[in-house]
Amino acid sequence: MNSSRHLPRRSVLKGLGATLALPFLDAMVPAFARAAQVRAASPTRMAFVYVPNGIVMDEWAVPGLDGTFPLPTDFPRILQPAAAYRDQFSILSGLMQDGGRAHGDGPGDHARAGASYLTSAHPKETAGADIQAGVSVDQVAAQHIGHHTRFPSLELGCEEGLYGGNCDGRYSCAYSNTISWRTPSAPMPQETSPRAVFERMFGGTDLDPDPARRARRATYNQSVLDLVLEQAKTLQGSLGATDRRKLDEYLFSVRDIEKRIVKAEQDADVAPPDLTRPRPGVPQSFIAHAQLMFDLMTVAFQTDMTRVITFMIALELGNKVYEEAGVSEAHHGLTHHRGDAGKIEKITRINRFHVEQFTHLLERLSTTNDGDGTLLDHSMVVYGAGISDGNRHHHHDLPTLLAGRAGGRITQGRHTSYPAETPMANLFVTMLDHMGVEVETLGDSTGRVTL
Amino acid sequence: MEERNSPATLLAGMRLTLLIAAGLWLSAGLSNQASAQGEPPDAAFAEHVGPLLADYCVSCHNDALLTADLSFEPFLAGDGLLENAELWQRVAERLQAGQMPPRGRPQPADDAKAQVAAWANRFSDGTAASDEPNPGRVTARRLNRTEYNNTVRSLLGVHGRPADEFPADDSGYGFDNNGDVLSVSPLLMEKLITAAQQISRDAVFGPTLPDEPFQLAHYMARRSHDADGSLDSADTLPYSMRGALYGSHLFPWTAEYELRFRVANYRQRAPRPEGAPRRPRDAPPIPPGDFLEEMRLAAPPVPVVATLDGQVFDRAIIEGVNAFGYERGEFVTRLAVEAGEHDFRVSYPHIADIVDPRENMLPDGRRVMYIDYLDIIGPFAASPAPPASYDEIFICRHEPGGHNESCAGDIVTNLARRAYRRPVDAHEVGQLTGLIAQAQEAGDSFEEGVRVAVQAVLLSPHFLFRIERDPVTLSNDDAHLLTDHELASRLSYFLWADMPDEELFRLADAGRLGRPQVLDAQVRRMLADPRSTALVDTFAEQWLQLRNLDRTKPDPTLFPAVDDELRAAMRRETDLFLGAVIREDRSLLDLIDAPFTFLNGPLAHHYGITGVTGEAFQRVPLDGTQRSGLLTQASILTVSSYPTRTSPVLRGKWVLQNLLGAPPPDPPAGIPPLDEAAVGTSVSLRTQLEAHRANASCAVCHDQIDPMGFGLERYDATGGWRTHDGPFEIDDSGTLPDGTTFRGSLELKGILRSESDAFTQNLAEKLLTYALGRGLESYDTTAIDTIVQRVADADHRFSSLVLWVVDSQPFRMRRPE
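Listed in order, the protein sequences are those of chains A and B. Counting from 1, position 178 in the first sequence corresponds to residue 178 in our numbering; the numbering is continuous, with no gaps. With positions in the second sequence counted from 1, the corresponding number in our numbering is that position plus 1000.
Nothing false has been slipped in among the hints.
Partial pick of chain B residues on the chain A-facing surface, computed with a CB cut under 7 Å:
1. 1140
2. 1183
3. 1185
4. 1460
5. 1461
6. 1553
7. 1775
8. 1817
Capping the alpha-carbon separation at 25 Å, the derived lysine to any residue pairs in SDA-like fashion look like this:
9. A:320 to B:1647
10. A:320 to A:57
11. A:233 to B:1430
12. A:320 to B:1561
Which stretches of chain A does chain B cover? Using the computed rule of at least three CB atoms under 8 Å from a CB of chain B, they are:
13. 215 to 227
14. 235 to 249
15. 325 to 331
By construction, these hints were calculated from the structure, which means they are not laboratory data. The beta-carbon is built from N, C-alpha and C at its ideal position, and this holds for glycine as well.
Starting from the given sequences, assemble the full structure and let the hints guide the process.
What follows is the structure in structure tokens.
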């Protein structure tokens, strides 16, 4: 009988709880110094932070003439909380997502906005099994450079997927539950529990103090995965086409994990750092939840667990009540304001509230050392929405903020207005260039943009 | 073909949204159906349908105008009829409902409309009947979260709910068990692997015992004002204005545990009455004993009660005012508890009988009396014996360390056949015994080897997916019966959301499960089994969209007496009601208006119903005037409202979609919004919504949707009864498009009850969708029609619905791809 009697993690780690930010990780860096030393220059990271239901464009940024100008000294209300970081981000105007438009399909702008935002593809209108969008830019990056890190990418969110068949018009809920798509028919689910994210990054380590036993268990784990892979391949041979495709998802996932296990084992000989572990579940306070997730994003980049992260502050069509912003009506309901000043005021408050939370990420990234510069210096972080005017469901002139210098390749502190109808995908392929990922096109891209 | 009152709702249209329930408000005229019989479809078209289209429809629906993207011109010559069966159904339905031609345009005579309907029915039935029997096929379904949790518990006896950590399951066609939609992502696989490691360890060895007992949980209610910063270190529970602390805890070991709770008592002394003399300042100080006595007498003694799984484990009397009880400290009880999940509750029971829970609130937002926290410390005196799950796995019954050679084969065979839900062959057994051997060769124990085998089984595609095979000898079009084992899985996951039990396996092994009497008896047995609560917890909650109740937050300024506990009570009422309908095998139609429900004191107060007291739920007879059936239960009324007000449109849509199977389409873009500020102040909500009627193109849909919502207007956004909305008296009358009028929810329910076929058909469709794990297609129409007819013949008993679903072609058979 296995007699390992280590103390449960609970009494080892301190559980100071969800509202406490993760402490700054200098204490942790030594544990992962090995991985860090291998890197020659700091790699470029990429993150997308998404807000749903559009933004009150008048209070976001005033587009100028086509071209590039310095950011104004006075920010409109929604952007105002980010003013302190004005020399580390730029506003990009004039980008559009054609995939979000109806093109003859029925109502469902929210589903389309979410599904097209990072894929620049027009999703198929269906509530059933045959969902189809495109491959999202974060997954393109993950497929190319993901093998360098333990997680090819992380998909995070603050809101769990909605139940029910259709979420918007005749579109499946799968379209609005995530913005990240591994293949045109495989949406990537989000992790919404901070504790679960923490566990994925730090909790998977076998806590058995006996290294020999740990090693044996690692061998067994490998044998188990080999066995189930073999079972799945044999099984596939006797199934029809649709079932085979289901098993393909299974096979892909198992193989993906096998690769990651190898990676994790390279870091496995160190004891898990003495970090505060978030409590189970999701914090009551939205502010606490969002900030905790941003802390985890920072940690993930800093420890090079991944270089690609997407984060949805809320789901498309999200109907959350943001009490902490002083608004007691649900979000989406408000956005169809049709000119009502009271509603517009409340939406503006919500939009600004979201930006306030985002500045927490800017703050962490810009104060985290990353070799020769800060994390933010070496990243590209996009904050934006797939809908501009939430009342009219516009998919052009999308509000887009790009923070970080991508290792010096991007100049910040500017407002660039692109010619009308510039595809968002052009921004994405440019960003991929900066990651060292060479693709010709993505979605409906027609070229690059200057940043 | 049987004479029935309603044309079948076209099932392919489940994916389109139909404008109206099939034949909902039929006018007379179906006797004309007979005259269309026997004529070839084209001839009937030329005689009845074509002329009607030409006279009444083509003026808008032509190639030039293409109104609503539809032109009838290409069909007038009789071409292309066959390919558009769905279109003709829709045409017939809109004609019969009086929606088309729109009001104000010339209308065809009723019998002409009936001819079109008859033709459309014959026509589409003709196309359906010409096909081979088509039971469809279901894609290999992976276990969803609920099924995974239940299956692991049944398979291994391991408690806890590991799948709660998995990403949320995607839904299709309204349910989260749809094979096509459920996918496997790398994130999910990661969680499955972690879970498999954890579960296998717990199952074989039990959760690792700590060296010393420690604090397993520190439970507090969220938003506890008194908590200061300590809420950060607490495991939070729902908030109860009445001060209760309740939840459920997973006890990892069979052992003794200490449950420690502290109560808060902030009752104040009654203020000195007006005119009463003050104590003179120079009077001698009150002796401490007398002072305490004065405090103690100043408020009546009340009980505080603590229960685990409904059994009282501690009870005390709390006397006196402010801090007198608080200084008492913790109430500590040491209990022997079996490993597993257990419900606990600590509360002041008398508070349940206060009508308005705000009486238990102080002006600063603190509750007057409440349970501060509950700590669970343990384990004490834990048994060193292997966990209960050990015996599930080590069926050879040897002591640890005493296993012999044949054990491996026996254990693995038993494990695999139950996990894969079918007999296993020597090769499959060998794969798993190979893992045991590998562990033993590496120097680990036999038990560790078995643990690895359990881990492998939990990750196997044979476990995670419900696979249904097509015999290789068949040609592509031959439908065939499922094997008995496949049938057993379908049955158990349908009725229990769990794996088959030994009796089902036994019958499947013997090849007897498919026999009609056996199958019938098994269904009845399974319905009577406690596991059939899955029909309420998973099927009904999704059907009625009750999972949204967690997300619905009534505005606290407008509905200050609605807290987490009341919302939980609302849900419990509906769950208990549904459970009673199923358990008592009542008619389906009782769901609409059965004159009883289940209430506890607080919920009864919310409804304004007197005579129901206490925290516990009890069955309550209703006279039906205000409340009866599902439709006037708070859970449903709340889920179909906004946080700040009711919405007749949302409620009408809820009824159409969930009870009648006719979801209205989404509104077009660009409609002006409701003037929220004016609602209930300058103008009543109803008056505002009349704008829907004024505009003919809005009226097409809203004449259907709004009246149902109006009929429910006397129930506010949290289901409470009201007679006024602001200063306006509520008008809860409604007129349906066919002219039927009603006033109030009772008459509305009467109308719904009279639509028994539409109601039954909708429920049959939903149930079959859930049972199969796929959306329904046009070839399922015959199966649904049969079910509806048989259920009606059986007085609509719930068990008859389940039996006929199980006995249907799509459930018993499948078609190869």
